[in-house]
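Okay, here's what each chain looks like letter by letter:
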Amino acid sequence: MQGGEIIRGLMRDVSIIGIGQTPVGEHWSRSLRHLAYDALSLAMRDAGTDRVDALYLGNMLSGEISGQAHLGALVADFAGMRGIEAVKVEAACASGAAAFRQGLMGVAGGYQDVVAVVGVEKMTDDVGSKVTAGLASAADADYETVHGVTFVALNALIMRRYMYEYGLSKEDFANFSVNAHANGANNPNAMFQRAISQDTFMKAGVVADPITLFDASPMADGAAAVILCPTELAREFSDNAVRILGSAAATDSLAVHDRKNPLWLQAAETSAQKAYKQAHIGPQDIDFFELHDAFTIMAALSLEACGFAEPGQGTRLAVDGEIALDGRLPIATMGGLKARGHPVGATGMYQIVEAALQLRGQAGKNQLAGPRIGMTQNIGGSGATIVTHILTNNLNQ
Amino acid sequence: MTVEIARHWRLNAQRYSLVGEECPTCHDKIFPPRDVCPHCAEAAGPDFHFSGKGEVFSHTAIYNAPEGFETQAPYTVALVKLKEGPLITAQLTDVQNDDVQIGMPVEMVTRKLAEQGDEGLILYGYKFRPQLAAA
Amino acid sequence: MAIMKPIKPVGIVGYCSYIPRYRIPAKAISQVWTDGKGGTPITEKAVAGLDEDTVTIALEAARNALLRAQINPQRIGAVWVGSESHPYAVKPTSTIVAEAIGAVPHTQAGDWEFACKAGTEAMQAGIGFVASGMQRYVLAVGADTAQGRPGDALEYTAASGGAACLIGPAAESIATFEATFSFVTDTPDFWRRPHAHYPSHGQRFTGEPAYFEHVLSAAKTIMSELGRTPKDYQHVILHQPNAKFPRRAAKMLGFEKAQWETGLLSPVVGNTYSGAAMLGLTAALDIARPGDRILCVSFGSGAGSDAFSLLVSDGIEGVARRAPTTQAYISRRREIDYARYARYRGKLLLA
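Keeping their order, the protein sequence lines are chains X, H and U. Residue numbering for the first sequence is 736 to 1132, as defined by our numbering. Residue numbering for the second sequence is -5 to 129, as defined by our numbering. Residue numbering for the third sequence is 142 to 492, as defined by our numbering.
Hints were generated in silico from the structure; no laboratory data involved. Cβ atoms here follow ideal geometry from the backbone N, Cα and C, with glycine treated the same way. Certain hints may be false.
Among chain X residues calculated to face chain H with C-beta under 7 angstroms, some are [said to hold, decoys possible]:
hint : residue
1    : Tyr878
2    : Tyr899
3    : Gln933
Modelling step: build the complete structure from the supplied sequences, incorporating the hints.
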């Protein structure tokens, strides 16, 4: 078999049997280990299990912000599971989904039966410029960061060029933010639980032109967790398990300037196409999409790269209302990064937990009407690591 | 402060004067230099001296600077399309952010990128400014 | 008198200035300290931006001097930068410049300091290096980002800028050195101790016993030893700490306004210290014609003057246009207020 051709080898089918999350926000009295434990214990309780074979932690900045590397052993011990295999997985903002994929591979490959994956990030343990520098370390240190480029700035560079090439204005992006905030209003775990108007969006202060406050997702503390096991065992634990239909990760150049087309998320396209192929579906079969709207521009680019819109047309889905809960392709159904908040290395896990809530019919006021297939996409850096998952509530293999 | 000396020192040629590479196979001009040509995957090299002329591909202003750059804010960063092909990230200097336009011709200058505090090293490297006409 | 003449003819093969784009009008400074009622020694001065220092100023001037000379930087045998504001107390400015222009590693490099005449000293030594046959080309740069104590008379004039001269064989030159001469005494008119941020000076003592004594002596001696009079020169450039001193000295020597106005830049640039006399020289070279003679006299506190008599050669034709002229840098101008000036020049306490 040629490299890259494996669709599904001799793997076990895997399902999510438990989910847990902490509210996203400022957890002044809870540290990294506390937050991880909070989400993990909720997920284990949800799965009805008191043991896991391994723990995978998605986290980006524990070393930079909390002075803490070696997070796997720390959390395993703190959670009372000293002795199990535990490791941190880092892929910038895509750390959460990257960790999830490691857990998935552990179970699918038969190395472990019951696995916990926790995405956790503690952003508030240091001051702004230090955190900004930490986030910027997702970019190319020698060729981007050394020039004082921030993470917001990289997105601003992409957004300005995108608007220039496709003749778009700020209004075209407004509904990504308005939609996310409307959905966040009904999510008790969201950082911002207040709807905003188009007018509020348009009047927001500049962060890095053309990105204004309501284009950008807020940094926050948070942790989200799932428990995985082989699908054939899932019913023993749970009557509302969520099955993983597709999982793929892809990379692109770390630096925006090294991409042939800086306006195209190649790793999103590659990972989405792989995931579609694994799930034997196409974009038309996706009922809702938890995308990585760290910035409104990323939402547009993600929609295009995954085949939901033509290049340059991503904002049309927002303008036409197709991304709303009652639209053709609901996105950010629990608020997305924009309103739920973006606890960097935990974000990918929040997306998966939220998709599971929708598929389990537990999304409260934001519950979609009988969704069968949901997709999540977690973007690391400015698009250098992108991890796509397709989930379903249909356990029949 | 004595950190990060070698990390920057080894990049002197490219930082100070945009020395990149030319791929011997596809003749693409490469910056920053790397071991493998990103286009044809052959070994890259030899050195290629970029003219430093290019145009603004995109730009933004930074008000909330990361650690180490706080005293420079506000400053302008850009993606610059070099005349010879590559796109690179750099600060724009000697220009007001409001005056920057996509497509604006710019040229490379070597300026201070950052200082490691009052006692540390001064880091010099490429920035771009609006093209200054020769006489 | 010991005027210095090279055994083998030596000249300038490339040159350029650099002036930062920011200007603070003297009026903006006097508003802060005298309610705008005090007199001002110049119109405005050039201020380095936040990302500029002596290295970056020297480097741009050096790069453009190479553009004008059109020689391979690997053939430069020495890179010498004169300044009283080297960014490091220990670690050479010259190695950074040499690396960035591509002259390393087979080159000599060194930093020079003699208040405002550090650049012309490097030129003099360069003449010797080339004339002796030890090296074919020497790059001599004078550059400064001078600081004046807030409220002090020097604050009106202490400016940022520099110029580079690539010295080489006369046959390739745009102007040849007829002779050079130095006049030096121990005269403490202006100084700065190692850890002091701002210099101190002797106020009126900087005039007659310092500036005038040295500049006039150097200028008179080199002219008389060469058998020349002011009429033999199309351009005269005297060190310019303000607008008044060089005008007065030029008049005392018998020069007319037409001879000094091209090279008198201090009214609109300020005193660029090690760059000052060399900056004036570049402005003269920008418009000089073959056969023109140029007299250039620097002054460095402490104190001394270096005088140069130059004869412009046919090689000057078309050279100026290969890089921005000094007037082009002067007209590239963005006015700043005192607050921004204070920030750019590190006068705000940030830590």
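Hint by hint, here is what the structure shows:
| no. | hint | in the structure |
| --- | --- | --- |
| 1 | Tyr878 | holds, 5 angstroms |
| 2 | Tyr899 | holds, 5 angstroms |
| 3 | Gln933 | violated, 23 angstroms |
When the structure is compared with the earlier hints, a violation turns up for hint 3 alone.
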